[in-house]
Amino acid sequence: MGENDLVCILFGCSVPVILRQRLGGPGNSHFELLGEAYIHGKMDGEALATFDADALASKTQDFDIY
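Here the numbering used here is used: the sequence shown runs in plain steps of one and ends on residue 93.
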């Protein structure tokens with residue numbers, strides 16, 4: 028995992044994943060999926076269970092994953 032990589036919870040995925048931004052830098056939504064990440068207490072859908080609908084909507088971001 029690199030300095031600017033992101034650990035994300037993707038809808039439909041039960042484990043956190045690591046994304047790396049591609050081409051163009053900040054503001055660009057193109058990412059490469061590096062793989063799964065282990066985060067204690069955030070596996071098997073536990074991470075999304077901690078948010079109510081409004082909080083979840085405010086933290087949702089779209090990604091283009093390649």
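In case anyone wonders, no lab produced these hints; they're calculated from the structure.
Check before you lean on any hint, since a few could be wrong.
Calculated pairs, SDA-like style, for lysine to any residue (alpha carbon to alpha carbon, straight line, at most 25 Å) [to be verified]:
#1 Lys86 to Ala76
#2 Lys69 to Leu50
#3 Lys69 to Val42
#4 Lys69 to Gln88
Distance windows between CB atoms, simulated [claimed, not checked]:
#5 Val34 to Asn55: 26 to 32 Å
#6 Leu50 to Glu73: 29 to 35 Å
#7 Asp79 to Leu50: 33 to 39 Å
All values derive from a computational prediction rather than experimental measurement.
Note that the Cβ used here is the ideal one computed from N, Cα and C, for glycine as well.
At the C-beta level, are Asp79 and Leu50 separated by a distance inside 33 to 39 Å?
-> Taking Cβ atoms as reference, Asp79 and Leu50 lie about 35 Å apart, which means the hint holds.
Are the Cα positions of Lys69 and Leu50 separated by 25 Å at most?
-> Violated. Lys69 to Leu50 sits at ~29 Å, over the 25 Å cutoff.
Satisfaction of the hinted span 26 to 32 Å by the C-beta atoms belonging to Val34 and Asn55 | violated (18 Å)
May I ask you to test the hint 29 to 35 Å on the CB atoms belonging to Leu50 and Glu73?
-> This hint holds: roughly 33 Å between Cβ atoms.
Are the Cα atoms of Lys86 and Ala76 separated by 25 Å or less?
-> holds (14 Å)
Satisfaction of hint between Gln88 and Lys69, Cα-Cα up to 25 Å | holds (18 Å)
Sort out whether Val42 lies within 25 Å of Lys69, counting only the CA atoms.
-> holds (7 Å)
Hint compliance for this structure: hints 2 and 5 are broken, all remaining hints hold.
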